[in-house]
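Residue numbers (full-length UniProt numbering), protein chains in the order written: chain A, 1 to 367; chain B, 1 to 345.
Each hint should be verified, as a subset may be incorrect.
[As the list claims (entries may be wrong)] Keeping only pairs whose Cα atoms sit at most 30 Å apart, straight-line, the calculated DSBU-like set for lysine-lysine is:
hint: 1; chain 1: B; residue 1: Lys139; chain 2: A; residue 2: Lys123
hint: 2; chain 1: A; residue 1: Lys43; chain 2: A; residue 2: Lys2
hint: 3; chain 1: A; residue 1: Lys43; chain 2: A; residue 2: Lys360
hint: 4; chain 1: A; residue 1: Lys43; chain 2: A; residue 2: Lys324
hint: 5; chain 1: A; residue 1: Lys15; chain 2: A; residue 2: Lys360
hint: 6; chain 1: A; residue 1: Lys106; chain 2: B; residue 2: Lys145
hint: 7; chain 1: A; residue 1: Lys324; chain 2: A; residue 2: Lys360
hint: 8; chain 1: A; residue 1: Lys15; chain 2: A; residue 2: Lys2
hint: 9; chain 1: B; residue 1: Lys139; chain 2: A; residue 2: Lys106
[To be verified] Some chain A residues near chain B, calculated using beta-carbon distances under 10 Å:
hint: 10; residue: Leu4
hint: 11; residue: Leu103
hint: 12; residue: Glu338
In case anyone wonders, no lab produced these hints; they're calculated from the structure. All C-beta atoms, glycine included, are put in the ideal place defined by N, C-alpha and C.
What follows is each chain in one-letter form.
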Amino acid sequence: MKYLDEYRNPQAISKIADEIARTASRPWTIMEVCGGQTHAIVKFGLEQLLPDDLELVHGPGCPVCVTSLAVIDRALDLAARPEVIFCSFGDMLRVPGSSRDLLSVKATGGDVRAVYSPLQAVKIAEDNPGREVVFFAIGFETTAPANAMAACLARRRGLRNFSLLVSHFLVPPAIEAICTAPDCRVQGFLAAGHVCAIMGYRQYLPLAERFRIPIVVTGFEPLDILEGILLCVRQLEQGHYGVENQYVRTVQEAGNARARQMVEEVFDVDNQDWRGVGAIPDSGLRLRPAYSQFDARLRFPNETTPPADDSGCISGEIMQGRRKPAECPYFAGRCRPEHPLGAPMVSTEGACAAYYRYRKAEIVDEH
Amino acid sequence: MNTECPLPVFTDETVRVGHGSGGELSQRLISELIRPHFDNPWLRQAHDSATLCPGSERIVFTTDSFVVSPLFFPGGDIGELAVYGTVNDLAMSGAVPRFLSCSLILEEGLPMQTLDRALASMGRAARDTGVQLVTGDTKVVERGKGDGLYINTAGIGVLEHSEVIAPERIAPGDLILLSGDIGRHGMAVMATREGLEFESPLRSDCAPLAEPVLALLNAGITVHCLRDLTRGGLATALVELAESAGRELVVEEAAIPVSEPVQGACELLGLDPLYVANEGRFIAFVPADRAVEALAILQGTAVAADSRVIGSASTGHRPRVIMRNTIGSERLLDRLPGEQLPRIC
C-alpha cells in the first residue's frame, strides 16, 4: 500500500539500522516526543535493531495521558447529566477519573458517544436541539484546528446547545520543561511530525539553540523513525544542535497557514496543568472571549475542588522519560488496561499501553 | 505515593460494552461468572461447539446471538450472519450442519418490511448451506428496549468422520492455514454504522465455511484444529488456541493478507486489523506433510480461494503467540482488554 509499504520495507530499514550502528560511537539518549511514535517503536520492535547503548525514552506526547484529573472528573460530571450528550474521541473513554471512566458513565445511563471528528459533534447538536451537546476538545496542536473549526461552525450556525470542554496542550513548552529539569537525561529529540504539519518547526529553533540539543521533526512509520534517529545521532556525534526535518513529505517549515489561522482565531494561549507533571506556563489553549458562549466550563459552572491524584500511577515519571513502563511496580499487576491506575495504560498513544500490548509477557517474565 | 492497596478503581458492577468484545473482559465474564454456574464435561470442551454422543452417532451442538447494528451492511446482513455464524461454529468441529433453531427478539416499531428482508436473507442462507430451520420463538420488547432486531440461533450438526478436531490436538510442526484476508467484516460494519466514507468500498466477508472444511475432511486430510475468526479477530483466536493447547504458535506478519481498503481504514482510525472481526474466515492446523495438499484443496473452494500458510506450532510449551514482523523483529500477540477504540489523531 502506497505511503505504508515503502516505509516498512525490510531492506531499507536494515540499511538505516546499520548506518545508525556505524555512526554511533558512544551511548546516546534520545526522546521521541509523540506517543504515536512510541507505539510504532514498541510494535515494530525498533529497539531490537538499534545499538544497545542507544536509549530511546518516551516523551509526553499523549494528549489523553496528560489531561488532568480535574478535567476528566469535570467530563465525567457533565457526561452523567441527563440533558447532556457527551461526545469524545474514543481514546478518552477508558481513561480513569477519580472514581470511574466515561464507559462506566455510559453503562449507568449517561449518553456518551465516541466520535471521529468534532464536526460530528456539531452535527449531533444540530440534530438534537433539545439536548446539550458537549465535545471533549482535547489534544495537542494536531487536533486544535478541527476543534477550532467546530467552534466556528457552531457560531456560524447559531447553535445554542453546543459547547467544548477544552483541554489543549502545546508541545514546545513541554520540551522546554523537560530540558530545564535538573535531572534531564535527554540529549536529542524526535519532534512529533503531525504537530509540525500544523505549526511548522520555527518554534523549535530557539529551543535547539538555547539547550544546545538537536531536534529532528520525525514521522511515524518504522523507516521515518529510524531516519529521525540517524539524523539525530549524526548531529550528536558531530556536536551539532539544529532543527532538521525528516518528515518532508508532510511538514513544511511554516506549517499549515490556514490551520494556524483557524486556531489563532478561536484559541488563546493559557497556562496548563499536565497530569502527573504539573503546571507548565503558556502550554495550553483556551477559548477566546469571542467564543466564550461555547465554553462548557462557563455553561456548566462547577464549584468542587480539584481531586488529589493518589492512584499510585507514576505517569508523570513516564511522560517525562524518567522511568519506563516496565519499571512501574504496578505494571501488569494492579494496573492493567481493564483496571488502569492511570491514562498511559489505556490511551492509544500511552507508553504503558504500548508496553502492555506488545511486550507484557517478556516484562512479566523478567519481574 | 499511595502504597496501600486501594479498592480496585473499577469493579465489574455493571455490564460494559467491552464484556462483549471477545477480549480479556469477555473471557473473564465467561470463566468467572457464567461457566461456574453450569460446569460439566461438555462445556469444558471449550470449543466453538460441543460434541455429544447421545446414541451411536456423534452430534455437535452450538448457539450464537446476533446483535449487529446496522442490520444491513455492505456484503451481508443480520439474517445471513445468524445462519452462517452458527453453521460456521458447527463446521469448526468438522460437522455437517443439519438443523437450526431461530429466536427473534423484535423491538416494537420495527418495520415489517425490514423483518421480512432479514428473514428472506436467513431463508436463502439456510438453503445455500443445506440446513433446515426446524424450531423457533418470537418475543417483542417495548420500543427503546431493543435495537430493532436481535436473533439467536442454535445449531445441530452431525460428525460423519472419526477425527477429533480440538485445540489439544495441535502438535509441534503443525502448519497454520488462514482461509483469506482479514478484517473485512468489522471495518464494513464500522464504516456503515459511523457513516465513514472511504474511497474504496469495504465489504463484509460474511460467508459459510462448511464447504472448505468438509472438502479437507472428505479428502482424508488430518485436521488437528479449526477456529473461525469472529469478534476479536485473528489475534484473539490464535491466543485462545495457544492457551487451550498449551503450545507456542509462531506467525509471520507478512503472510497475513489484509486488503488495501481494510488496511487504509485501519491505519486512519488507529485500529489493528489483527483484532478486527471477521465472519467468513477460519484457521486450520494441519500436519506439515499434508499442508501443500490441504492448501490446494482450500484454494479450490470459492470462500477460501485466497488461503495461505501463515505460521506454525513450535516445539515450545509456553502458551503464547509470537508474531514475526516484516522488518525482522518479533512481538507477542495478546488479547485486547475490551473494544478497540478509534484514536484521537
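Verification of the supplied hints:
no., hint, verdict
1, Lys139(B) x Lys123(A), "violated (35 Å)"
2, Lys43(A) x Lys2(A), "holds (20 Å)"
3, Lys43(A) x Lys360(A), "holds (12 Å)"
4, Lys43(A) x Lys324(A), "holds (16 Å)"
5, Lys15(A) x Lys360(A), "holds (29 Å)"
6, Lys106(A) x Lys145(B), "holds (16 Å)"
7, Lys324(A) x Lys360(A), "holds (13 Å)"
8, Lys15(A) x Lys2(A), "holds (20 Å)"
9, Lys139(B) x Lys106(A), "holds (27 Å)"
10, Leu4, "holds (7 Å)"
11, Leu103, "holds (6 Å)"
12, Glu338, "holds (4 Å)"
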